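A.B. asks: The lines below spell out each chain.
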Amino acid sequence: MNRERLMRLRGLLRKELLQVVRDPSSIAIAFVMPVILLLIFGYGVSLDAKRIPIALVVEQPNRDSASFTAGFFQSPYFVPLRFSNIQEADVAMRARLVEGIVWLRSDFSRRLLSNGNAPIGLIVDGVDANNARIVEGYLQQVWAAWIAKFSASRGLSLKTPVKAEVRVWFNPALNSTDFLVPGLIAVIMTLSGALLTAMVVAREWERGTMEALLVTPASIHEIILSKLVPYFVLGMGGMILSVAMAVWLFDVPLHGSLWLLMAASSVFLLCALGMGLLISTVSKNQFVAGQVALIVTFLPAFMLSGFVFDIRSMPAAIQLITYLVAARYFVTILQSVFLAGNVWSVVLPNILALTAMATIFLGLARWSARKSLE
Amino acid sequence: MWHRVFALVTKELLAVFKDVKSRIVLIVPPLLQLVVFGYAATYDLNHVPFAVYNEDPSQPSRELVARFEGAPAFQEIARIHNNAEIAPLINERKALMVLHIDRRFSRDLLRGIPGPIEIILDGRNSNTALLAAGYANTILSDFNSWWAARHGGVEPPARLDIRARFNENLESRWFIVPAIVALLTQVVALLVTALSVAREREAGTFDQLLVTPMRPIDILIGKSIPGLLIGVVEATFIITVGVLWFEVPLRGGFVALYLGLFLFLLSVIGVGLMVSSLSVTQQQALLGTFLFMVPSVILSGFATPIANMPLLVQYLTYLNPMRYFLIVVRGVFLEGSSSYSLTPQYWPMLLIGVATLAMAGWLFRRRLY
Numbered sequence: 001m002n003r004e005r006l007m008r009l010r011g012l013l014r015k016e017l018l019q020v021v022r023d024p025s026s027i028a029i030a031f032v033m034p035v036i037l038l039l040i041f042g043y044g045v046s047l048d049a050k051r052i053p054i055a056l057v058v059e060q061p062n063r064d065s066a067s068f069t070a071g072f073f074q075s076p077y078f079v080p081l082r083f084s085n086i087q088e089a090d091v092a093m094r095a096r097l098v099e100g101i102v103w104l105r106s107d108f109s110r111r112l113l114s115n116g117n118a119p120i121g122l123i124v125d126g127v128d129a130n131n132a133r134i135v136e137g138y139l140q141q142v143w144a145a146w147i148a149k150f151s152a153s154r155g156l157s158l159k160t161p162v163k164a165e166v167r168v169w170f171n172p173a174l175n176s177t178d179f180l181v182p183g184l185i186a187v188i189m190t191l192s193g194a195l196l197t198a199m200v201v202a203r204e205w206e207r208g209t210m211e212a213l214l215v216t217p218a219s220i221h222e223i224i225l226s227k228l229v230p231y232f233v234l235g236m237g238g239m240i241l242s243v244a245m246a247v248w249l250f251d252v253p254l255h256g257s258l259w260l261l262m263a264a265s266s267v268f269l270l271c272a273l274g275m276g277l278l279i280s281t282v283s284k285n286q287f288v289a290g291q292v293a294l295i296v297t298f299l300p301a302f303m304l305s306g307f308v309f310d311i312r313s314m315p316a317a318i319q320l321i322t323y324l325v326a327a328r329y330f331v332t333i334l335q336s337v338f339l340a341g342n343v344w345s346v347v348l349p350n351i352l353a354l355t356a357m358a359t360i361f362l363g364l365a366r367w368s369a370r371k372s373l374e
Numbered sequence: 001m002w003h004r005v006f007a008l009v010t011k012e013l014l015a016v017f018k019d020v021k022s023r024i025v026l027i028v029p030p031l032l033q034l035v036v037f038g039y040a041a042t043y044d045l046n047h048v049p050f051a052v053y054n055e056d057p058s059q060p061s062r063e064l065v066a067r068f069e070g071a072p073a074f075q076e077i078a079r080i081h082n083n084a085e086i087a088p089l090i091n092e093r094k095a096l097m098v099l100h101i102d103r104r105f106s107r108d109l110l111r112g113i114p115g116p117i118e119i120i121l122d123g124r125n126s127n128t129a130l131l132a133a134g135y136a137n138t139i140l141s142d143f144n145s146w147w148a149a150r151h152g153g154v155e156p157p158a159r160l161d162i163r164a165r166f167n168e169n170l171e172s173r174w175f176i177v178p179a180i181v182a183l184l185t186q187v188v189a190l191l192v193t194a195l196s197v198a199r200e201r202e203a204g205t206f207d208q209l210l211v212t213p214m215r216p217i218d219i220l221i222g223k224s225i226p227g228l229l230i231g232v233v234e235a236t237f238i239i240t241v242g243v244l245w246f247e248v249p250l251r252g253g254f255v256a257l258y259l260g261l262f263l264f265l266l267s268v269i270g271v272g273l274m275v276s277s278l279s280v281t282q283q284q285a286l287l288g289t290f291l292f293m294v295p296s297v298i299l300s301g302f303a304t305p306i307a308n309m310p311l312l313v314q315y316l317t318y319l320n321p322m323r324y325f326l327i328v329v330r331g332v333f334l335e336g337s338s339s340y341s342l343t344p345q346y347w348p349m350l351l352i353g354v355a356t357l358a359m360a361g362w363l364f365r366r367r368l369y
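These protein sequences, in sequence, are chains E and F.
Going by the working numbering, the first sequence opens with residue 1, and the numbers climb by one from there.
Going by the working numbering, the second sequence opens with residue 1, and the numbers climb by one from there.
Because the hints were derived from the structure by calculation, they are not lab data.
Note that the coordinates shown come from a computational prediction; the quantities given were computed from them, not determined experimentally.
Don't be surprised by glycine CBs; every beta carbon is placed ideally from N, CA and C.
One or more of the hints may lead you astray.
[Unchecked claim] Subject to a maximum C-alpha distance of 25 Å in a straight line, what follows is the list of computed SDA-like cross-link-like pairs (lysine to any residue): (1) K94(F) - P76(E); (2) K149(E) - E59(E); (3) K18(F) - Q284(F); (4) K21(F) - N285(E); (5) K50(E) - P76(E); (6) K163(E) - N285(E); (7) K15(E) - V229(E); (8) K21(F) - L362(E); (9) K50(E) - V313(F); (10) K18(F) - G71(E); (11) K94(F) - I311(E); (12) K94(F) - P253(E); (13) K21(F) - H3(F); (14) K284(E) - L26(F); (15) K94(F) - E55(F); (16) K21(F) - V296(E); (17) K50(E) - E63(F); (18) K21(F) - R8(E); (19) K163(E) - E63(F).
[Stated by the list, open to error] With beta-carbon atoms standing in for the labels, derived distance ranges: (20) R14(E) - V20(F): 36 to 46 Å; (21) E92(F) - G11(E): 47 to 57 Å; (22) Y258(F) - P61(E): 45 to 55 Å; (23) V20(F) - T216(E): 27 to 37 Å; (24) W146(F) - S114(E): 22 to 32 Å; (25) G121(E) - Y258(F): 44 to 54 Å; (26) R79(F) - R167(E): 53 to 63 Å; (27) P172(E) - W146(F): 29 to 39 Å; (28) T236(F) - L324(E): 24 to 34 Å; (29) R111(F) - R96(E): 48 to 58 Å; (30) K11(F) - L320(E): 39 to 49 Å; (31) P57(F) - A144(E): 29 to 39 Å.
With the rest of the complex left out, here is chain F (with noise of 0.2 Å):
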């Protein structure tokens, strides 16, 4: 039975690989893929356009502002000086921020009443808005502690002491970076399986297939391992890339990794060849794909959390299976954790990976055109 299942890998690994499209498809793209998005996939802000409207030229509206040019989160743009000026900045997108200084700031500070300033924001990308408005939060609480030291202010009672677990530095990189592994490799395995027998239904060759001594089981086996292999040799290139080009620690062990990159795969596979084996034309198949493709990225916790997403939304994200894989990369990566913390994330991928897979066999056999 082995040398069977063998001589399919070779002739499915050899369908692949042998069209030179094809091979700079699987190759290329997914390696200019983790440098790109590996950079470009972040919350974190920098060099934030912003202007300053200062009515109040004085040293401590000097020493604020000189905070904000010092702070690598912001990047000075414009001075203004009136608040004609303000609206078409921010229409225009060319400042993300405008620090007004009201006249009365210094005057106000040196009596002991809260300097008046106002922080314009805009709000078309509200997550942006939302991380400047804490930068300049932090900016100007520093401030007030430091005039408060200089002036004898009353020190609060209490204070937060804030640290953050497994990502000490807030860096959004260490949070993308390990989900990008998963991203790929579903991208790729899911590419290699899903047209397989599409493919030879569309061609014919599928039927011959069946006629031949090998029972459906050993065409799963022969269909899967293909796309096994390619996936696990991809995920590897990017863990690899991940740890020594990005720098993302990775504090766990290969074991939990890997585990849960064979069950993800086989889960995913899973899904390829069931979609395969349910069209009749390469077209269906592709369809299919996207439509199974685009909403578990979004769906998976990727870029934005699955606890922010209404209950049902929540619920169907069980059936994804990259919802669990990617609770395992970043668990391994950053968490350090064990392949036994891991658990209730292994399983349901299995349940997936056997559950599509069997399905996808049965269905070998029932849709014959």
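For reference, chain E alone in the conformation it holds in the complex (with noise of 0.2 Å):
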């Protein structure tokens, strides 16, 4: 008997497999998609803002303002542009050809000697909010390194009450790279695993052959991991892949262990693949599964999952949301692997959920693929 399964799931394992071997959209979506997709968003995605072009209008040029606006020529954070005018400098901005103006009016000068707290006007283009609080970070940088600087020239002793020394754990350079490309692979694998089964298994049923397949001798568990097996492997196969391409092509460090990295993978790659296997099977139709794959994966795993959206910036209700997200639990994995070592409080929990989430997406597709048949 147990031989005779042995048999059985060799025979369906070779059949999957020549399947994968002669139809390349297995491979493509495997290999291929993975490295692309990293390669063109690990390069596009980024939250760091460099080179912002600004817009200088000074009213009344001398030598306070120049000392001023000198800061602005120095940092590599900005490229300063002339106005004559305010009015042209707005212009500039609802054009989009600069982020931000500095306004310095025709008095500043004056009051600046008189000790008369001289306003300098700071304008943003407010639209994205999150890139206009980063540059108005740096323009506050540049600001009080100028005025350390004239104060000291002008022997007047600035007190600052209280300096914070901050300090950045696991990512001292606050480089936006070093925290997306890891999010970016969970994001990319949700894809492609779900895809591989979605797509694949559904033509079997759209096809009929999927039927076929369920009349032979063969259970439904024999037939299940015949589909998984292929798939995981070439699943796993595009993991090593995106996780080689972020250490080596992005730099991002690899604190962690890899073994750990690996087992979290398969351990979410079953995940994906049981989601897709569900998909396919309730659906039983390309058009469907493809629409379905789309939707409950790769925009829930690119806005719900942290990978740019912070959880903890969630209203709770959204965040009870989270917890169905498969690429919830992986993206914090993969941070934490990534950037801060083998933390096991972190990384041991998440786990344990996406082995739930894996048996219960895998159970449900055996549960539709058997009631389909009644």
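Fit the two chains together into the complex; they arrive one by one in their own frames, and the hints show the way.
C.D. replies: Right, here's the structure in full:
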């Protein structure tokens, strides 16, 4: 009996393998798609503003104003452009040529010298609120550096009552690539894992070959297993490629162990494949399967996984919804293992959650495959 | 000619809506996503969990801690009493920030030496860390001016007067919700059109369509209109929810917005039909849709600015219709842009639309299997 089973499984696996080898689309989904996506996104997705174009409006140029504006020319963050009046600068900002305006009014120097708390007007384009805040931060740095120098040169002892020393752990340079690339791997793997099974199995349902398989002596377990194994191998291959690219191409430090990363990835991949199987057995039609895969995998993994938008900033009700998104657990694991190391208290609960989700998805897929025969 | 096109449009709409599953797929997820993403996609911090490690129990340090506790951006989750407790809190993601006030804090402060404090941040999400540091600095500088006013410090000779234009309170929801119009409209319009030709190719009915008296241009129009109709309805709904529910100001006019929407849909439908007529099977069409959709969302300026991308990738974004439409929706919503000032965004979409539609029409006849 057991031998018979093994033989059946071997036969099924052989069939799936032949199918994978002969159909280039599954290889494209597993290998080509992750590489291309990671390449484009790894280079393209960044929250680090550099060389921000900024308008300088100095109504009455003199030594004081020049000493202030010099800071912008030295800063690596800004590309200053001079405008002769505020109206012109305003037009430039509306045309999105500059992201902010620094405005020194004609009384700047007079008020500065009479110790009148001279105002420096800063107007930032607030449409992209996050970017605007980053620009504001850089502007404040330029201002603070100048004010310290200016006061010292006048012999003013300017006191800052409290000065904070800010230390950022795990990513001291606050390099956004280091934080985004691990998350990207999760988004891409969600996509390729679910697509691998969703599309391929839905096609079998559509053509009726799935039913043909189900009436053979092979049990549902064996059929599901034979569908999982080849795509699991393919998916892990894609995963290893992605990690290699993250480390060698994008220089993301891998502080944790590679084995832990692989263990977590394999659980996550089972979860994604299970989700794909479930989608295809429920929809049984490539059109719907593809749409559902797109809607329930890519978009939630992009928006609700903590890959860019921090889950802790979301309203409580939305935070609850994120617990249903498998990518959420994987993003947390990846960010920790890459940047912080083997933090067991973070990794273990998340792996457990992924295991539970994988079990549920595979169980549901099995149940719905059986039910569809009745 | 028109009644033929009309008949094809009716048939296409029926093909999309007659099936319960595909009807549900088109209507329910976009609505759910609008609400969920509208709330989820935020860069604004609130309730950042932080811990206080105060080694200097004094009146000034308590005042400083109280300012952090009172800020809506922060939420105190623990008080710790020695150095060794910092690492576990941060490592285990229990606290995003630890505010460490040194033993000498109040002594130095009263002497006029800067009082030493340390802020430790979890940098795993570098953007959150950067924002939290910014909020903390704002609280500190408020504290500094309060302290200087009470203890006769020297006022700085110049001050910064910062104002934000268009989005005065820098709410990231105002930035994201208009963009969701573009995101979801694109998803729906692409899905409707990308499979329409491929499905018929697979079933063999496309050849039948080609031998009818319909010209390729009629087929092209007939296949485009359903996507256009569904896209406009969907977008109108999202815009309404954005204004009424999320209270994003709509400062510009409808002409500028809908002209942009029309051109955007035209280009997306063009891409969808092109992908569809290039593919032999539905599976290929779906794969093609994915391969267009995912980069077009991530490289559109939706979540991360295009200006931060390397130059080569920036050039690539010129091919992406969503890039232009995002500027249009955000411009009309927040800046009140006119259709005249948005012309530089309109014509590239028109160009992409015309080119891809022409390509699709050409492929209708050329690719006969």
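A.B. asks: Which hints, by number, does the structure contradict?
C.D. replies: Hints 1, 6, 10, 13, 17, 18, 25, 26 contradicted; others consistent.
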